[in-house]
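All chains should be modelled from the sequences, with the hints used to inform the complete structure.
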Amino acid sequence: MGDIVVLLKPALNPEMIRGTQDGSVDFDYMPLKLSDIDRNAVEEAVMLRDQYFKGSKIYSISVVTWGPASKRDKDVKMAVQEGLAKGVDEAYIVEDDSIVPGDPVTTASAIVAVIRKFGLKPDLILAGEATIDGFSGQVAGRVAVKLGLPYVSFARKVELKGNSIVAERDVEDYVEVVEAPLPAVVSVTREINAPRPPTLVQIRMASRKPQHMVKLSDLEGVVTPKRRLAAARVLAVKRKQMIIEGKTPEETADKLLDALASEGVIKA
Amino acid sequence: MPTSMVVGSSEDDIAEALTVARQLGDAVIVAYGNVNTGSLAEYGHKVYHVKADDPESVFLAVKQVYDEVKPSLVVAPTNKNLKDALSRLSGLYDLPMATEVFNVKVSGSSASYTRGFLSGRALEDDQVPLPAVLLIAARKVPRAQKSQAKGEVVELQASPAVKIIERRPKERGGVNIETAELIVSVGRGFRSKEDLKLAFELAEALGAQIGCSRPIAADLKWLGEDHWVGLSGHKVAPRLYVAIGISGAPQHLAGITDAKVVVAINNDKSAPIFKNCDYGVVADLYQFVPVLTKRVKERLHR
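Chains as they are written, first to last, in the numbering used here: chain A, -6 to 261; chain B, 29 to 330.
Within a straight-line C-alpha distance of at most 27 Å, the following computed DSSO-like cross-link-like pairs (lysine-lysine) qualify:
(1) K263(B) to K231(A)
(2) K248(A) to K297(B)
(3) K108(B) to K150(A)
(4) K150(A) to K198(B)
(5) K303(B) to K233(A)
(6) K288(B) to K233(A)
(7) K191(B) to K154(A)
(8) K240(A) to K303(B)
(9) K219(A) to K108(B)
(10) K260(A) to K322(B)
(11) K150(A) to K191(B)
(12) K219(A) to K168(B)
(13) K288(B) to K231(A)
Chain B side only, calculated, beta carbon under 8 Å to chain A, not exhaustive:
(14) P83
(15) I193
(16) S260
(17) K288
(18) V291
(19) Y307
(20) G308
(21) A311
Please keep in mind that the hints were generated in silico from the structure rather than gathered at the bench. Each residue gets a CB set at the ideal place from its N, CA and C atoms; glycine is no exception.
Dropping the structure here:
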């Protein structure tokens, strides 16, 4: 009892974006990394385990959505290994070229298929509120409904009380405190904690923890991607990048205000 | 049989979603929370209403109507509670779902749309088969017109498993940063909350609103979240954005892509903000900002 599953996505790293000649996103060039908000989800899993479920296990599940597997495999394992270093005990990775590029329909059905296939019985499933590449925030909700579990989204604080979870949900206009029976699915925001970097010992230990590679043929009920990515183009924001310097702060200020006046954004 | 379903909690949101939904013909409306259902009925579509506004109740109401109507398309505005409620509907029936979409075109069998991804640094054009769920970007489509006919209003009940214990409104500073023309924005370069007055004085001299980066609103709570500029905060489109003591994390930069002119003031010349600004001043903000404020006052008000 008390096991936790945390969803970890090896996501495209937006900071490494590059365009091809015609302005399309150069997917081949972009590496994957552990999606930022998933770090908060792992951190929370570890803290909740240490506080409430001592001795229970944390499993992670990752579904590779950007292929081809041969090219992504190293990045995927690095991202997953980060979770293992932070305290995940065992990782499941669904890597299969027939489901890339993936979409949330595929990802959620694959996660649920892994949970069923390997008989995982988590009391809590944690996920980041959204991933840094797609940022649509829908996988956790899909997983919850498929498993018939209560879902608490956008949690920025989580506590356990008896057999319930009490969470603060961060919505646009208000903060809502809710209580849901366990087992439950929870998506967390970046505000929930400050992830600690793993120690050197933890990083070394991580490479010895089990990473189960899963193929589609091992699973049942995975839905193939429904979304067709017709085109993806880099949004070019061209900034002038002019550094303004003067002999005195007054001169610098004047040069800056002259530039802003000539742009027509102020009337000075 | 109506072919689309529109979900929302305000007339503005619902009217915009209807414009997209009507591409397929008739629609039904699922409204939740405190809305004027009489006014919504004037759009000429059947209105289902659930008084609760938590995501689970909204999901349960939407599911009930979806099962009855079997629409090809569900259209709603993008917000957190609807991401929650409609991801559950999508998960239940393996429907494709996309958020923050615009340029939506719907035919009998598929929908296409554009949306930002990669932290706002790219746009994707997607095509999905119907039935599908689309959460549209706010204020990018015109509102639908009301009609002669009046739709019937049906009240729904929901009994969620997740219990709401408390709800408290977020503190509001009374700013609407998304529509501000001039913004002076503050970041971690400020050493204390009191020091922000340097930026307030510059903002006052310029007639600008105050914005901030994520740590100022989310971690330090020196300013309310309505000032927060970025991917998880607000997207802004001012004609002038002055970033003071902001290093320029990707999530922050994603919030200012629509700014016309970006000025950066930072003492670290290797800060990423300098690669993402039009005019940069490498200086200690404590020394430079007061001088800038003084010169703005002298020049703007002479």
